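Q: Listed below are the residues making up each chain.
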Amino acid sequence: MPQLNPEFFVSQLFWLAVFFTFLFVFLWRVSLPRIASVLEKRQNKIDESLSSAKELRQQAMEIEKKINDQINKAKLETDEKIKETINSLQENVSSQLSSLDKDLEKKVSDAEKEILKSKEDQMKNINNEIANITKLTVGKITDMELTDNELSKVIETQKGTFN
Amino acid sequence: MAAKDSPLKQFEIDPISNIELGGYNISFTNSSFAMLITVLVITLFLTLTVNTRSIIPSRLQLISELMYNFIAQLLSDTVGDNGKRYFPFVFSLFMFVLIGNMVGMIPYQFTFTSHIIVTFALAAVVFIGVTILGFINHGIKFFTFFYIPGVPFYMHPLLIPIEVISYLSRPISLSVRLFANMLAGHTLLKVFAGFVVSMPFFTGVFPLAFIVALTGLEILIAFLQAYVFAILTCLYINDAYHLH
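So the sequences go chain by chain: C and G. In this text, residue positions in the first sequence follow this note's numbering: the first is -9, and each later residue adds one. In this text, residue positions in the second sequence follow this note's numbering: the first is 29, and each later residue adds one.
Read the hints as simulated data drawn from the structure, not as lab findings. Please read all numbers here as calculations on a predicted model, not as lab measurements. For every residue, glycine included, the Cβ atom is placed at its ideal position computed from N, Cα and C. Treat each hint with caution, since some may be false.
As the list claims (entries may be wrong) - In silico DSS-like cross-links for lysine-lysine, where the CA-CA straight-line distance does not exceed 25 angstroms:
| no. | chain 1 | residue 1 | chain 2 | residue 2 |
| --- | --- | --- | --- | --- |
| 1 | C | 125 | C | 109 |
| 2 | G | 169 | G | 112 |
| 3 | C | 56 | C | 44 |
| 4 | C | 35 | G | 112 |
| 5 | C | 31 | G | 112 |
| 6 | C | 143 | C | 114 |
As the list claims (entries may be wrong) - A few chain G residues that face chain C, going by a derived Cβ cut-off under 8 angstroms, partial list only:
| no. | residue |
| --- | --- |
| 7 | 53 |
| 8 | 69 |
| 9 | 71 |
| 10 | 106 |
| 11 | 117 |
| 12 | 120 |
Given the sequences, and given the hints that come with them, work out the whole structure.
A: And the structure:
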C-alpha cells in the first residue's frame, strides 16, 4: 500500500504545512473578512430598511389617526348642524302655524260678524218686504189702507209662528 | 509496490521535481500538486466571487456566503460564542478537506486525503491544539476531563483509563475515518473501472453504470467526510471549554 511507504512522508508533511498554512492565513486575513463585511453590510442594510419601514408605519398610523379624528369631528359638526337646522325649521313652522291660526281665527270671527250683520240686514229687509207685500196684498184684496205701524204690530205678533 | 494495474496504483506518489532540504526529501509530488490545486481553487473562488461585494449576491457569491454561514452556524451551534475565534481555522480545515476530496474526484487526479500521513497530520494539529487549549482554559483541572462525575467510585479505576484511551485515540479515529473513506471509495471505483475493461463484449456497460452511481455516492461522501471532520473539530474545541 503506497500510503504506508515512508519515502515521501516528509515531503507530504512539508507541503501540507506549506499549503495549509498559506490557505489558513489567506482565508483568515483576506477571504473571510471580505465575506464577513458583505454579510455585515447586508445586515446593516436590512436593519436600516426595517427601521425606516417601522418609522414610516408609525407616520402612516399617525396620519390615519388624524384623518379619523377629522372625520369624527366633521361628523359631530354635521350632526350638530342638522339638529340646529331641524330645530330652527320646527320653530319657524310652529310660529308660522300659530300666526296662521291667529289669522284664520280673526278671519273666521270677522266673517261670522259679517254674516251676522248681513243676516240682521236681511232680516230687516225681509220684514220690510213682508210689510210691503202684506200692504199690497191687503190693499188689493180689501181696498183697506193699512198704516205701517199697524202692519208692523201684526207682523211682530205673528213672527213666532213663521219661524 | 503495487502492480501496474493494481487498484492501489492511483495512490502512488510520483515526484514532479526532486527537492532536498537538510538531508530530507521534500520533493514536489503529485500529492503536493493536488494540494496546490486545492488551495488555488479555494482562495481564488472565495476571493473572486466576493470581489464585487454586492448587497444582492450573484450565484457564485451566494455559494461563498453559504459556505461561510454553514461553518459559522456549525461553530456557534456546537461551541457557542467562544467558537468565533476558531472560525478561520475550522473553515480552512473544512474547505481544505472538502475541496481536496472533490479535486480527487476528477479522473486521473491525485487524492491527498487518501493518505494517512496527511489526514493524521491534520488530525494531530486539531488534537494538539485542542489539548493546549484545554490546559490554557482549565490548567491542571483539565485532567478532570477523564473523571466522569456521578459514577460509583469503584468504577473509576476502569473508566478513567478508558476515557484516557478514548481521548488519545481521537486523532487516530479522526484521521483514519477520512483516510479509509477516501481509500475505499477510490479503490472501489478503480476495481469497477477494471471490470469495465476486462468484461467481454458490451457487458462492461453494467460496471460502468455502477461507476456512475458510485461517483455520485463518492461526491456525497467527499462532502460528508469534510463535514464530519469539521464538526468533530468543533466538538473537541467545545470539550476544551466545557469539561463534563
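Q: Going back to the hint list, which numbers does this structure go against?
A: Result: hints 8 and 10 break, sorted rising.
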